[in-house]
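Enquirer: Sequence order for the protein chains is A and B. Everything in the first sequence is counted per this note's numbering, starting at 1 for the first residue and increasing by one. Everything in the second sequence is counted per this note's numbering, starting at 1 for the first residue and increasing by one.
Treat the hints with care, since some could be wrong.
Since copy identity is lost for identical chains, a pair holds within one copy or between any two.
As the list claims (entries may be wrong) - Straight-line C-alpha distance at most 25 Å; calculated DSS-like pairs for lysine-lysine: (1) Lys317 / Lys127; (2) Lys316 / Lys127; (3) Lys88 / Lys279; (4) Lys88 / Lys224.
Just so you know, the hints here were simulated from the structure itself, not pulled from any lab data.
Below, each chain spelled out in residue letters.
Protein chains: 2
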Amino acid sequence: MNTIGVDLGGTNIVCGVVDGEGRIICKNSCKTGISGGRENVLSNIFMCVDGLAQKTDFEDVSAIGIGTPGAVDKGVVIGGAENIPDWKGVALVSRVEEKFNKPTFASNDVTLYTLGEAIYGAGAGAKSIVCLTIGTGIGGGVIIDGELFRGSSDCAAEVGHMTINVDGRKCNCGGVGCFESYASATAIIKAGREAVKVNPESIILTLAGEESVITAEDVFEAAKRKDKSALEVVREAGRYLGAGIGNLINLFNPEVVIIGGGVSRAGEIILEVIDEALKRHSLEANLRGVRIVLAKLGDTAGIIGAAVFAGRELEKKD
Amino acid sequence: MNTIGVDLGGTNIVCGVVDGEGRIICKNSCKTGISGGRENVLSNIFMCVDGLAQKTDFEDVSAIGIGTPGAVDKGVVIGGAENIPDWKGVALVSRVEEKFNKPTFASNDVTLYTLGEAIYGAGAGAKSIVCLTIGTGIGGGVIIDGELFRGSSDCAAEVGHMTINVDGRKCNCGGVGCFESYASATAIIKAGREAVKVNPESIILTLAGEESVITAEDVFEAAKRKDKSALEVVREAGRYLGAGIGNLINLFNPEVVIIGGGVSRAGEIILEVIDEALKRHSLEANLRGVRIVLAKLGDTAGIIGAAVFAGRELEKKD
Chain A
1 MNTIGVDLGG TNIVCGVVDG EGRIICKNSC KTGISGGREN VLSNIFMCVD
51 GLAQKTDFED VSAIGIGTPG AVDKGVVIGG AENIPDWKGV ALVSRVEEKF
101 NKPTFASNDV TLYTLGEAIY GAGAGAKSIV CLTIGTGIGG GVIIDGELFR
151 GSSDCAAEVG HMTINVDGRK CNCGGVGCFE SYASATAIIK AGREAVKVNP
201 ESIILTLAGE ESVITAEDVF EAAKRKDKSA LEVVREAGRY LGAGIGNLIN
251 LFNPEVVIIG GGVSRAGEII LEVIDEALKR HSLEANLRGV RIVLAKLGDT
301 AGIIGAAVFA GRELEKKD
Chain B
1 MNTIGVDLGG TNIVCGVVDG EGRIICKNSC KTGISGGREN VLSNIFMCVD
51 GLAQKTDFED VSAIGIGTPG AVDKGVVIGG AENIPDWKGV ALVSRVEEKF
101 NKPTFASNDV TLYTLGEAIY GAGAGAKSIV CLTIGTGIGG GVIIDGELFR
151 GSSDCAAEVG HMTINVDGRK CNCGGVGCFE SYASATAIIK AGREAVKVNP
201 ESIILTLAGE ESVITAEDVF EAAKRKDKSA LEVVREAGRY LGAGIGNLIN
251 LFNPEVVIIG GGVSRAGEII LEVIDEALKR HSLEANLRGV RIVLAKLGDT
301 AGIIGAAVFA GRELEKKD
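Taking the hints into account, I'd like the entire structure generated from these sequences.
Expert: Here it is, written out as structure tokens:
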């Protein structure tokens, strides 16, 4: 039996029909259209899934799984989805269920991304996994004994807002010293811009064209070319990543830590700088045996994870 | 059926016979005698349990549980027990099993303390709990779905060595900016001593007699009497406690956080300063609904937890 996985992002919706071995049979995508408000986002989800129904045998789909920003309780988005205006309070599960007449399940998008990577990606075979998605912010997901760990109210693994610098920078969340203020792509971009102000000769600037459009990719690419300013920025990010990931290793004692999200596209260099810093922030016993790896499934992890989730939840229900 | 719980500390061994409802039927204690080396510590454990055998019907004891500093793998202490010299490598379970001919189980002492508080103490009724023991260092234990969470190699919940200040103080563990360097009783004592140097009029000094013997209790007592220097020290500790506990709430999303160990004897004042700081370091959704409470069982939590552990492990084995 196949299931459908939907990955709802702030910019795009991607979805796919996934078989029992985690293979995507067909895919569809569209814009999220947040400026059109809640109902518009819902119609776009409907449209995206409808597109799949055209491409495949819809009768053969047993359930729909949806990964959404924020936390979900009893099928309703209860908060933490600030990048989709008016999304809090939407009865996501019942709206999709009504529309397609298929059992529907929803959870946090990073959580389901984690499930995808854990089962069919970089974590395959491991039972205890911590996954980070490092992009605009830093999201997290945790697998314990092969199962998603979501805490007492679906809010666990808020990795990005872990304090790593108690007297540090203010974060968008209102907190102080949060991990994502130091180690997200956003933080790397900011540091890259500062770096080219000090050293306009940096390859970062050559790659980007101008300061205002510097991306994290530019910084990593320049670092790979041994640009001194870029290497400094990347090492500094690695130092912070080491502190945050070290905390997760000390607390969750996982077999595998998966680095996903945009920053993971930097490749091996990111693993190297994390490795350097980890020894300072993780106990020897905890560090022994843990593997730090890059995510494998790219953007499809969210689709696959949502589809796997739907299948598992359907089984529990039966 | 009753079980025996043994709580092995750096200074004292305490043990007790515990019934199926978590009630201690009889207790015994002795010095750990670490200066006598590994074999001396083992004989003291034997002697302590032997004392129980004299006081109770030993036939009626189904199993023995032992909480030890460090991590335990397959009955052997594998590390992290630095305060008992030469303790690493001791085949604790088989040695005690041979001596008493009872099924024996061992795990980390703070973990079993957590289990005791979780089941029969401050966490009774909750399924998802984080427990901290704040004393010389900061230990931690986590309960998920009513079960101990120990990670992939019995090293989870190393709360004290979570980085909360990435560019901060060096810790005994070799790391930097560890939670326990800022918020343990040791850190509070250090800050108290610094405070009376600046302000020798402080009640802290009156209570302690002289600077070199200031305890965390003196600092808390002076704070309760509104001593300005003491209040500053306690608020500062609370600020750090808030950062560390905030992280745990963001990551584990527990129903209850239990504050145990020596510092918990300070009472309500410690909860107040933590409360103040938590809002800055924990997400609103995670903070909603979580209860921060003081441990209830005092020094008996370790005995009760070890006894409960023995009963549970015996059941799994059968």
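Enquirer: Work down the list of hints and note, for each, if the structure agrees.
Expert: Structure-based check of all given hints:
1. Lys317 / Lys127: both (23 Å within a copy, 22 Å between copies)
2. Lys316 / Lys127: both (19 Å within a copy, 20 Å between copies)
3. Lys88 / Lys279: Close across copies (21 Å), not inside one copy (40 Å); limit 25 Å.
4. Lys88 / Lys224: neither (41 Å within a copy, 43 Å between copies)
Violated hints amount to a single one, hint 4; each of the other numbered hints is respected by the structure.
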